[in-house]
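J.: Chains as they are written, first to last, in our numbering: chain A, 17 to 223; chain B, 16 to 638; chain C, 156 to 531.
Mixed in with the good hints there might be a few duds.
Subject to a maximum C-alpha distance of 25 Å in a straight line, what follows is the list of computed PhoX-like cross-link-like pairs (lysine-lysine) [unchecked claim]:
1) Lys625/B <-> Lys189/A
2) Lys477/B <-> Lys506/C
3) Lys531/C <-> Lys451/C
4) Lys34/A <-> Lys113/A
5) Lys477/B <-> Lys488/C
6) Lys189/A <-> Lys34/A
7) Lys353/C <-> Lys285/C
8) Lys466/C <-> Lys446/C
9) Lys625/B <-> Lys34/A
10) Lys285/C <-> Lys531/C
11) Lys446/C <-> Lys531/C
12) Lys34/B <-> Lys541/B
Derived from the structure by calculation, the hints contain no laboratory data.
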Amino acid sequence: MSDHAHALETSTGLDSRKLAIWTFIGSECMFFATLISNYLVNKGRSLVGPFAHEPWTDPATGKVLEPIIEIPLVTVGTALLLFSSLFVVLALYGAQKGNRKMLLGWLAATLLCGMFFVGMQVYEFTHFVHKGLTLQRNMFGASFFILTGFHGTHVTIGVIWLATMFYLALRRKLPPERSLNLEMAALYWHFVDVVWIVIFPVVYLIR
Amino acid sequence: MATTALDQRHAPAAAHGEKTGLWSWITTVDHKRIGILYGSTAFFFFLLGGLEALLIRVQLARADNNFIDPDTYNQLFTMHGTTMIFLGIMPLSSMFFNFMIPLLIGARDVAFPRLNAFSYWVFLLGGLFLNASFLFGAAPDTGWYGYANLTSRQFSPGPNVDFWNMGLQILGVASLAAAVNFFVTIVNMRAPGMTMMRMPMFVWMSFITQVLLLLAFPVIAVALILLMFDRFFGTHYFVPAGGGDPLLWQHFFWIFGHPEVYILILPAFGIISEVLPVFSRKPLFGYAAMVFSGVFIAFLGFGVWSHHMFTTGMGPIADTFFSLSTMLIAIPTGVKIFNWMGTMWYGSLQFRTPMYFAVGFIAMFIIGGLSGVMHAPPPADLQQNDTYFIVAHFHYVMFGGSIFGLVAGGYYWWPKMFGRMLDERLGKLHFWLMLIGFNLTFFPMHFVGLNGMPRRTYTYPKELGFEMLNQIETVGSFILGLSFLVFLINIIKTSRLPRNAPADPWNGATLEWTIPSPPQEWNFDKAPSVQGRDPLWELKRLNGGPLPEPPLTSGAGIHLPNPSYWPLISAIGVTSLFVAIMMLPKWGPAGIVVAVALLFFGIYNWLFEKGYSEFRTPSHGGH
Amino acid sequence: MPLGTAAARRHAGALPLLCVLALALAGCSRDQYPQTALLPLSDFARIGDHVQDQTFYWALGVFILVEGALLYSIFRFRGRPDDPEPSQIHGNTTIEIIWTLIPALILAAIAVPTVKGIFETSRTPPDGLKIEVIGHQWWWEFRYPDAGVTTANEMYIPQGRAVEILNNSADVVHSFWPPRFAGKRDVFPGRETRLWWKADSTGLFPGQCAEYCGIQHARMAFHIRSVTPAEFDAWIAHMQTLGPKAPPAPTAAPAGDSLKTASAGAKVQGPQKDTTAAAAPQDPEYAQGEKLFMTKGCMGCHSLQAVKAPKGLIGPNLANVGSRSHIAGGWLKNTDENLERWIREPQAVKKGVLMPNLGITVEESRALRAYLRAHK
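Chain A with its partners taken away, still in its complex shape (with noise of 0.2 Å):
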């Protein structure tokens, strides 16, 4: 049976899965806006440095040292996670029009900006510790780790999503009318997306 012929039966001409991953989605909004906002309450309350934007004074060693956040890293992650989406949008066309070697490109290159993504942050987490924030630290750690922290987790769960779609197309699994499938993956990865431009601006850049 044809997605199409299922579509039809149902009240919204949409199929239920594709409606199933919006809900899904509108869901996990609700959760980054709570840790968005636990974020915002938070930064400021630090007891002692690092801090996000402002220079802070080391207890231990009587240095001021620099605030703790790095543009330039980060903002390149960024833009490869949203050129990702666009990849995704790519390799969605290919399948849905059985070009499997679209499929196949622009899925990888899909996964490849996703993992790049995820190693960015880890370098992040363990430069910022090395520096000395840490979840227990202060307000500031605490709340960024928890953020990014369940941001990344995301985005790790997408790229083993991906990566699953990236296997089933390599043993032909992926036809046109399976492409739903990749489609709902898509979904959830611009979702992360998203979430994620609203976190860069709110951490990295708002001071």
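Start from chain A and add chains B and C according to the hints.
T.: Coordinates of chains B and C only, in the frame set by chain A:
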């Protein structure tokens, strides 16, 4: 139609038949069976919560009593609240969501039958996990809303709070999965011709409930995660010494908590909106107003949360805002009560058992709603908050409201679910005992609360004068308990009867009464076509009288989803993940790795299950 | 249980009767309910009481009307299964608008005194007597900063003069609730909240913690002793004499290190010689009690001086414990027998309290009681 290999792997519905045996229940994906699983499990937990309440009442019957020591008492009142809300009222509502929504909208099943089964198993495991804490003598003991910083590792060093935290997270997964499922089902699987504004009111109220679940549960999930990090990883979200603020917990909790109380009452609202018209023999008064008031309540429900926090000293601006929004939300609630009464007015009231409970609901909910309005002004609430006056209010809306409504639904839909009619005389005895017992227990609480008795106190000194009213309340609670014994007797007695209830015992208005009692596995032979509200009344009108009893059919050519055990495996995976998180100090990350592996194992097999047919809404001929 | 219309009518009457009965039984006299919120004795409490009254009378009116209509409809529209189908009314826009507007108007009527009350109760008096309330698990510390006096569990206030309460917690969230004088205000660690009132009358009035705060939340009570301004000044003056007079001299080693301290930052005192006693030192029981107070480790958690009392102690200040109406956190009558028992077996009296069983014998408890009784 051509028989492909895929088709041959789907046994026709007739061959599925109605299987018996434990394995058929473990692997079921049938919404009706899952509904019965929810209902029986929830009823068991409800009785457990009731037992906890009776123990509390025995302890409070005398001043300076030592029937129960303070530590046990604090676990009892915490578990009573947590159980009644998360393991009682919510899954009892789920029983009706599951069994009735597809029938009410003319569908074969829900949108995602395996996800449905998954929700149930996660709920069961979550409830067992939460109660397993008793076995360790460490049941949660910080109240059902677990205020920080009492819940911090410093002031609650034992595992009690962790049981509560992980338990609620597990249950949250169940609720969210179910909410996605029912949201999509209601939006996408209605019978041809059933527009949103022709849906039965129970479906509307359930729909709004799912939206509330989807938006509110993530908030408490985050709050619980933050608490978990404080307790396990040394963060200070709610620890003042590290820069955190216990008040933040209260905000996050109540942003969830207030919508949660609407989650608890809206399904009952929906049930009453089904029962009253049938037993008044006229349509629901003001359908559109009922829909819009429900939507308005849900929307506004996200804007009143700090009325639980008037005593925290937020300042006059915040106090004013939340006080006014709380008063505002009383308006759509009042509208509903008047519309229900408008349904009864000029009707021909048939006082069968469901109608008793429905009218009882209205009477009790009015009281609960009015005491709620009395809390709305902060100057008054400063005296009322955290006293038995509040306990009275919420029991009037949750028991007098939700439970009366759910019981009404029980008596109403029993014949459809089980093919037998519950005994009328025992039903009425149940009602009177419940009404009298309930009021005797909770009405005096208004007085003892305003006269100085705070809540969550394991005892009180004689000189404060609370003893007499407490004794009356205890007597009432045992009468209330007795009423449920009568209900149990009714259930057991009825189960011994032959299964010969008619399809339409009450002269119903909606689609579930067009099919046999209980329905065959596929519900409808053909998708019904709907032209308006109250479709069955319309059909009967066109027919010039009652319809003939629908025959049992073979179900030939009807495809149904195969049973599956992967939802159960995945549910075990989810539960083990939270157990592993709780056991991090002892098991280290290895536990989490194993749990995640099990979860992935379950999910991947579920997604790639061979021989599982994607569920399709039948269009014509049903295949 | 008989069924049928007649029985239903009989039983329908039971419900309002039950309510009236409960009402009659409840009453609200001050002797019956010393901790009642329904008999305000201060300006602050009257504000809340006034708002509550207004809401209550509206609620009562709505209750009678709506429940009355419900009861009426049950009997008026009762039908039989074979009755003809009633008119299939779907709604009535006019009526629905009316019954939406009327509740809105009633709520607006409630909103006006409400907002007024909110702002009135938020205005702390400009020159109130400041009293710091510090919540501890499971007792109340009261400090009078202007007078430099500390006490616990029994708060003296001057009648007719505004008091301003400044709340802080030493551990978890509590709630300070003196119902005769004011609604409650939550007590937080790390943030200060305020309450105020001006007492009309004198007398002894109970209050209680109203935010669940752990195992002995139920036994975290206090009393307010409202006295005439002259009596209040006299009390303050008296308390100001209960301070350290001579520098502390070393005595026998305390058992302080064996005590558990549950709250972070709680301090344990070193050895002190008690110089605050006002009673006759010739009394042998008193002397023995004084010795035991040092050697049994009491000094580790309790201070006997009302002036310059150390902050952050785990246990209540005992400078005037002998004259307090209640002990053990404001709920146990301060009789000799109770005080002795409390000293001997605190865990049996108040399980989970932070005061450990120190293995004190009956005789020792008598001595300690005598010693403490002398501290008035």
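J.: Determine for every hint whether it applies to the structure shown.
T.: For each hint, the structure was consulted:
This hinted pair checks out: Lys625/B and Lys189/A have alpha carbons roughly 14 Å apart, not beyond 25 Å. For the hint pairing Lys477/B with Lys506/C, the CA-to-CA distance comes to about 19 Å; that is within 25 Å, so the pair holds. Taking the CA atoms of Lys531/C and Lys451/C, the gap is about 21 Å. The hint holds against a cut of 25 Å. Between Lys34/A and Lys113/A the alpha-carbon distance is near 19 Å, which keeps this suggested pair within the 25 Å criterion.
A distance of roughly 11 Å separates the Cα atoms of Lys477/B and Lys488/C; the hinted pair therefore holds under the 25 Å criterion. Proximity of Lys189/A to Lys34/A is assessed by CA-CA distance (about 19 Å); at most 25 Å being required, the pair is judged to hold. Taking the CA atoms of Lys353/C and Lys285/C, the gap is near 12 Å; set against the 25 Å cutoff, the hint holds. For the hint linking Lys466/C to Lys446/C, the alpha-carbon distance of about 24 Å falls within 25 Å, and the restraint holds.
At most 25 Å may separate the alpha-carbon atoms for a hinted pair to count; Lys625/B and Lys34/A meet this at roughly 22 Å. Restraint check for Lys285/C and Lys531/C: the C-alpha separation of about 23 Å stays at or below 25 Å, so the hint holds. Our distance criterion of 25 Å between C-alpha atoms is met by Lys446/C and Lys531/C, whose separation comes to about 19 Å. Taking the CA atoms of Lys34/B and Lys541/B, the gap is near 23 Å; set against the 25 Å cutoff, the hint holds.
When held up to the earlier numbered hints, the structure conflicts with none and fits them all.
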